[in-house]
Each structure stands twice: as structure tokens, then as C-alpha cells.
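Trainee: So the chains spell out like this:
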Amino acid sequence: MTTFLGTPGIGNLRGAEPFPRAARRALGDTQMRRNVRHATHTIRAKRLAAVSECADWEQLRLAGSALKQDVMARLPELLEQLERNVTARGGVVHWARDADDANRIVTDLIRATGADEVVKVKSMATQEIGLNEHLQAEGIAAIETDLAELIIQLGHDWSSHILVPAIHRNRAEIRDIFMREMPEVGELTDEPRVLAMAAREHLRRKFLSARVAVSGANFGVAETGTLAVVESEGNGRMCLTLPRTLITVMGIEKVVPAFADLEVFMQLLPRSSTAERMNPYTSMWTGLHAGDGPEEFHLVLLDNGRSKVLADSVGRAALHCIRCSACLNVCPVYEHTGGHAYGSVYPGPIGAILSPQLTGTHGHHDPNASLPYASSLCGACFDACPVRIDIPSILVHLRAKQVDSERGGAPSGQDLAMKAAAWAMRSPRRFAMAEKALAAGRIVANSDHRITALPWPGSRWTASRDLPEPPSETFRQWWAKTHGGGPR
Amino acid sequence: MLRMHTCRIEKGRNRISDGHSTSERTGVYPESQQAPRTKTEAYFDPAASCPPSIAESIDSSSDRATPVQIESWHALMSRLQWALSLTWSPMACGMTRRSVPDHITPQPAHCPKIGVSMRIALFVTCLADALFPQAAIATVKLLERLGHQVVFPPRQTCCGQMHINTGYLAEATALVRHHVEVFEDADCEAAVAPSGSCVGSVRHQHAMVARRAGDEALAKRAEAVASRTYELSELLIDVLNVRDVGAYYPHRVTYHPTCHSLRMLRVGDKPLELLRHVRGITLVELPMADSCCGFGGTFAIKNADTSTAMLADKMTNVITSGAEVCTAGDSSCLMHIGGGLGRIRSGVRTVHLAEILAATEGAEQVAVEGAR
Chain A
44 MTTFLGTPGI
54 GNLRGAEPFP
64 RAARRALGDT
74 QMRRNVRHAT
84 HTIRAKRLAA
94 VSECADWEQL
104 RLAGSALKQD
114 VMARLPELLE
124 QLERNVTARG
134 GVVHWARDAD
144 DANRIVTDLI
154 RATGADEVVK
164 VKSMATQEIG
174 LNEHLQAEGI
184 AAIETDLAEL
194 IIQLGHDWSS
204 HILVPAIHRN
214 RAEIRDIFMR
224 EMPEVGELTD
234 EPRVLAMAAR
244 EHLRRKFLSA
254 RVAVSGANFG
264 VAETGTLAVV
274 ESEGNGRMCL
284 TLPRTLITVM
294 GIEKVVPAFA
304 DLEVFMQLLP
314 RSSTAERMNP
324 YTSMWTGLHA
334 GDGPEEFHLV
344 LLDNGRSKVL
354 ADSVGRAALH
364 CIRCSACLNV
374 CPVYEHTGGH
384 AYGSVYPGPI
394 GAILSPQLTG
404 THGHHDPNAS
414 LPYASSLCGA
424 CFDACPVRID
434 IPSILVHLRA
444 KQVDSERGGA
454 PSGQDLAMKA
464 AAWAMRSPRR
474 FAMAEKALAA
484 GRIVANSDHR
494 ITALPWPGSR
504 WTASRDLPEP
514 PSETFRQWWA
524 KTHGGGPR
Chain B
224 MLRMHTCRIE
234 KGRNRISDGH
244 STSERTGVYP
254 ESQQAPRTKT
264 EAYFDPAASC
274 PPSIAESIDS
284 SSDRATPVQI
294 ESWHALMSRL
304 QWALSLTWSP
314 MACGMTRRSV
324 PDHITPQPAH
334 CPKIGVSMRI
344 ALFVTCLADA
354 LFPQAAIATV
364 KLLERLGHQV
374 VFPPRQTCCG
384 QMHINTGYLA
394 EATALVRHHV
404 EVFEDADCEA
414 AVAPSGSCVG
424 SVRHQHAMVA
434 RRAGDEALAK
444 RAEAVASRTY
454 ELSELLIDVL
464 NVRDVGAYYP
474 HRVTYHPTCH
484 SLRMLRVGDK
494 PLELLRHVRG
504 ITLVELPMAD
514 SCCGFGGTFA
524 IKNADTSTAM
534 LADKMTNVIT
544 SGAEVCTAGD
554 SSCLMHIGGG
564 LGRIRSGVRT
574 VHLAEILAAT
584 EGAEQVAVEG
594 AR
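Chains A and B are the protein sequences, given in the same order.
Add 43 to a position in the first sequence, counting from 1, and you land on the number used in the numbering used here.
Add 223 to a position in the second sequence, counting from 1, and you land on the number used in the numbering used here.
Chain A extracted, bound-state conformation:
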């Protein structure tokens, strides 16, 4: 299990080691690989079925993308509008520059109520800022009420998926965690229903006694000041309605201009994430209402690097993400390494473009500098993305930014190799000479005409694959021989 360092200020967005090293260790965890493979393959097939029911899916994707472009284009204006409308309806809006800021604001708000225990709705924003760990250090118990988050919390584990945080666990493992951490529920089997009922019993007591709830938000509507949470289990509905005080932490990119825009996202999100036509619980609330729901509502708007991402005209599309996880589920890299290898609460393809942008990277030793390279650029993520984030192009863009930021320093081995290759390939004469030099590789080929062992860095290839022996004649030599230089 990866240990999150939790970089001060920015929260859980950077791991302790670069992706290749973390991935290598993850690849050895056969149980995790089996679990993730099974889960991702199952959801892939379901998502395709759910998506293919929509005749206008491509138009929906275009609309979702266009809406998000509009939001990014006038984010400050929309956020102010949201603030005005939340305030007008009895809510209080707080602005948090980074994770530390947000944690401090939420802690102070909880302190003011006198509570030492809060119930939580599953939320990526609070995971991102490391709220639970912070509250624990401040003597406040935060209880996750989403089943998968509960499994993670009870197992002292880290989330490895945006939607299904415990995707790396199978039900036998979950049973063991429950038996160990919830002794009051007694003997359990590994049947999903038995496990769900045990969690339900455990949580029911918490719902009824909690005075404060902390949630995230899937959407915040600027026009009306409405917040929305989309979920499957009903735990969110309990948290949003029962406690006296509700504190919602929302990333600033989650704002949408108008209530009608939810029409687009409410079609895109459930089909892309859980492969459902509609999720079981969609809770929307607009300010406070006497005698109904919480008596106090706070909205914490979280920047934590987002405005920096917004300043990059190519990279900003990463902020369009609606956290559906479709890209994780179709990604062949994620399928093999699981989520912990990415070191951030945002794993998979979207994490590979989001985490390094949110944190910024400091030199090539920064673990997050390795994330844009954690992809074969196969493009499956772009096809699955409900808001058409061109993840492969952004990965290439971030790689280029990484390389450019290192220019002027001592060149790495990769820098030298790339520069040498570009030098050779810029000139036809040098290229032909390089090809001739390559023919010397025939010396190291075995009697099967294959090269099976090369010194480093070629060993990175030959450790698991052969290379063909260079041919005795290159194409251009063949062409000169058969077509005599030929017509140009």
C-alpha cells in the first residue's frame, strides 16, 4: 500500500515515489490485480451498454464539453454569482485558497458547533485536502458513510479509484475488515447483502446521533445557488438532511451556469460512472428552509491549484472532469497497476493530467513529474470521457512542459538520446549513416536472428522482449537496387 505523504498545503495529491517504481510494486500484488481487472472489465461492458442506449450520446458529450468550456471561460463571474445566491438563501460561503485553508475553515466551523464527531458523504474534494486526517489530529472523528469509503476507512487503507475507492478489495477481504473493525455486528459471510446490512447497522447509529455533516458537491448552480450530490446508497441523503449543520466543500470548477445545464450532466454522469440510466439518489438543496433539513449551511469553495491549471490554455480541460471514472475503467495501465501507484487521490488517466497540474512539479525527481508518462497514449480514455477531455493530447502537452522546464540544466540520459536522435534524423545523410551503424546490431543477434540481451537502457526492452536482428539491407538500399534511385 502506498504511503501518502500529504504534501503540506495541497493535501493528498502527490505520492512518495515516481510512477514506474510504485507500479512495479503494484504489479506484484496478484490479488489486487485480479480484483481490479475483474471490476474494471465488468463496468466497461455495462457502461458500453448504458451509453449505446443514448442515440444522442455524441451530442451530449459535445454539449457537456461546451458547457465546461463556458464555465472555465467565466469562472470568476459564475463563482460570485453562486456566492450571491447561496448567501441570499441563508448559506454562508467561504473561500479556501488551498488544502490547509479549507481544513482550517471546516475545523473552525465544526468547533463552533461543539461537535466532536461528523458524518461524511463521499467526496473527492475532502479526500484531496486530507480532511479526515486533519480532523483526527484536531480530535474530531470523521465517519465515512459511503460503503466503499467506510471499507477504506475501517481498513486504514487508501482509495484507489474515484468512484469505487475499494475496487482493489474483494468481498472476502471486506468481510475480514468488517469482522475486525465492527465487532458489534457479529459473525459475517462474504455475501454482498450481508456485508451491506452490517455496514447499514453500523452507520444507522451514526446518522441519528450526528450533529454535523460534511459533503462534497457534484454541481453548484450559479443561477440559483443550488448544490447537488449524486449517489447510489442513500447515505448522502441522510447526511444532507438529518444533522443540524451541513458543511459542503466544493472545488471551484464544479460550478455550472444554470439549473437547466444539469440536464446534460445528469445524463452523462450516471451512465459513465455506474453505467446506470439514472443514479438512485440525487439530492439538491438551495439554502436553508425553516423546519426542513439543516439549520446551518456552509459552502467552502476550494481552489487548491485550480486557478493555476486554468491559466494553461491546453491543460485547463482537465478541470472539465466530472469525476465519473470512465477513463480509469477503460485504461489498460490503470487496469494493471491499480490506483495506488499514481500516489494521488486522483488516479488513472485523469489523475495523470490533473495531479501534476494541481501540485505543479519541481524537477524530474518530483513523483508527479512521472505521471504524464504513465500512459501508452492508447486513447481509450478520450473515447470514454463524457465531456470529451482529450487526455492523450494533454499528456503530450504536459510531457513537453516537463521537458521544457528542465532545459538549461544538466541534460539527462534521455535528453542526450533524444537530441542525438533528432540531430541524426534532421539530415538524410546522417540518417543513412545511422542506419548503416544500426546494421552492426547484427553482431549481437543470436542464431535465431534475434537480439535477446542489450546493455542498459536497451535492457529495459530486452528484459521481457526480443528485438529483431537489423536487416542486411534497409528499405532505401533495396529501393536503390530495384528502382535505381528511381523517379524522385
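Mixed in with the good hints there might be a few duds.
Rough simulated footprint, nothing fancy, chain B against chain A, three-plus residues with beta-carbon under 8 Å [to be verified]:
#1 58 to 67
#2 242 to 251
#3 415 to 425
#4 493 to 504
#5 508 to 522
Hints are computed from structural coordinates only; laboratory data are not their basis.
Glycine included, every Cβ here is placed at the ideal spot set by N, Cα and C.
Given the coordinates of chain A, assemble chain B onto it according to the supplied hints.
Mentor: Same frame as chain A, now just chain B:
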């Protein structure tokens, strides 16, 4: 459960499902085919976007954001520039390379009637030139057999894809310029490469690289070259309008659709359409065909362990298919798959699509004399 990955045999024809529902593939619809305009179309208004400078209006040094009014002339100009950039640079505005006006659709000028000879430049690709000449030789022989004239611009070197995808865009700019100069000078009606990823780079990355280097003129020239550069199966089906190339290949073959041909170029099942018309061939379905083999250029070196894990799955599926030959339209992916299959002595070999299409009765291995 594996619906998205499996080829479906329909009426005895091996039709590949590229892993995406029909609707999902419509991302490559030319703009004119987009659906009736809806209210959400209003959001496409380029004027609704803003210059990057607006981003700075969220002041990270203060506790809260304040919006910037676009009131000055300068701000208006930059807003206009940004709006224009929407049409100039699809990538820069978050639109995608797949929504670029579709170069794939052949120009009518490039669609001669069957039997009319075309003059076609071979974009050999550095990898095929140096390591897999048999694929390039087969491409030449195939096109010549079909009655076309092949020319080889001898000054060509490399399209720069490896540099681009590793992040060395400054270095790649020189390679892009060289490629553009060589192929705009080439006396030809179209250019063809036996590689989906190299054509993908020419079509979807070259102009971006030039623009990033601030060279709009080069970007325009790159787009012109890209508009007449085709991957082999595209050239045969879209431009030359041929499906039966007269090939004979009596082997049990499975086809791996390479990622860039599938999701960058959207060749769909064009290669399979060509293979179906090969005499003597037994085409077998590749389970989870559209999964990446794990090559990914320098990914195979930088993330060697993950790459190998992905390769292991691909090899398992190739072997499970029962094929004796695994084919694809990219020598690079075949080098990876073949490198793994060879290492474990699997008894399956990799052969480029061009070699199968070039093979005829009595000359099954037309192209290997220079190979090894």
C-alpha cells in the same frame, strides 16, 4: 462481459467491434453531419470563451476571487484573439484532434476511378526503413501490382513522433519541417505509410508542433501535407476504392487493431475488410482486440514493467485465438508483440498487413529478400 473487446462474427464475416458503440465512434463525424442544433449549441459560441489572462483573475494570494471586467481595449483584443484561436488551434481550446475537420475523408480529386493509375509517394517511416523493410517493400509491390506508380522521396527521415510523444517538441519541430519540405516537394497525388501511428502524428500532431513553435506558416503547410497522407488501409479503401487486392495467404491469421489506427485515425475495420478478401486466409477473432499491446513508444522503456504486463495480456489473447500469424498495420506494435511472442517461443509470428496483402499465389513471401 467482454462485449466491447470481442470481434463479432456476423453472417460469416469477421467484423470488428472497435470497442466502442456505434454512437461512440461518431466522434469522427465531420461537423456537417452533427445532429440538429439544440439549445446547448449556444455554448459553442467562441465568443463565450475568454483569454487565458482571465484565469489570473482568480487571485491565489487573496482569500477570495474577484472577477476581472473585460473593459479595456487590450482585454477586448486578447478576447478576440482567444476566440480566433478556437478556429486555429483545436487543441489549445480544449477541443480535440478528433474534432478537427476531417482529413480522413478523401478529397474527390484523390479518388480516381478504378483502373486509373495514381502517383503515390511512399512515406516509409524510419522504423520500417531501418528495421522492417519487408513491410515497406510489400507496400511498394502491392501498389505497383495494383497499377500505381510509387515514388520514394529519398531525403525523408523520420516524422518525429517519438520526440513529440516524449515531450521533445523543440527537437521535433526540425523533424516536422523536414518532413513537410520533403513531402510537399514530392511529385505525387497522395502519400502512404505502412503505419497508423506515423500517419496519426502527421495528421494530428505536426501542425500543433509547428504552432507551438510559433510557426503558423509551417503549420498550414503541415496541414496541407497531412491532408494527402494516408495509412495503407485508408489509401486502399478510401482513395483507391479497392477491397480485393488479389492476395493469397493460406494461413490462420488474427488481426490486432493498433491504438493509433483505431482511435487517432479511426480506420475502423478497413484492414479487416481487406483481409477478408484475401484468398486462402483463415481469419480468427482476437479476444479483447482493442486493448493496447503496451508499446507506447518510449513508454515501453520508461514504464517497462507496466508495458510488459500489458503485453502479457495481449500475448495471451493472441495465443488463445489459435492463430499462427498476428498481423497489424504498425511495425512498432508488431515489434513489441512479436518480441514477446518470440521470447516465449509461442509459435506465433507477427507479419505486417502490407505483407499479407502483397502475397500472391507462388509468391507468398514477396518481400523478404531484403529482410533477413
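Trainee: Which of the listed hints are not met by the structure?
Mentor: 2
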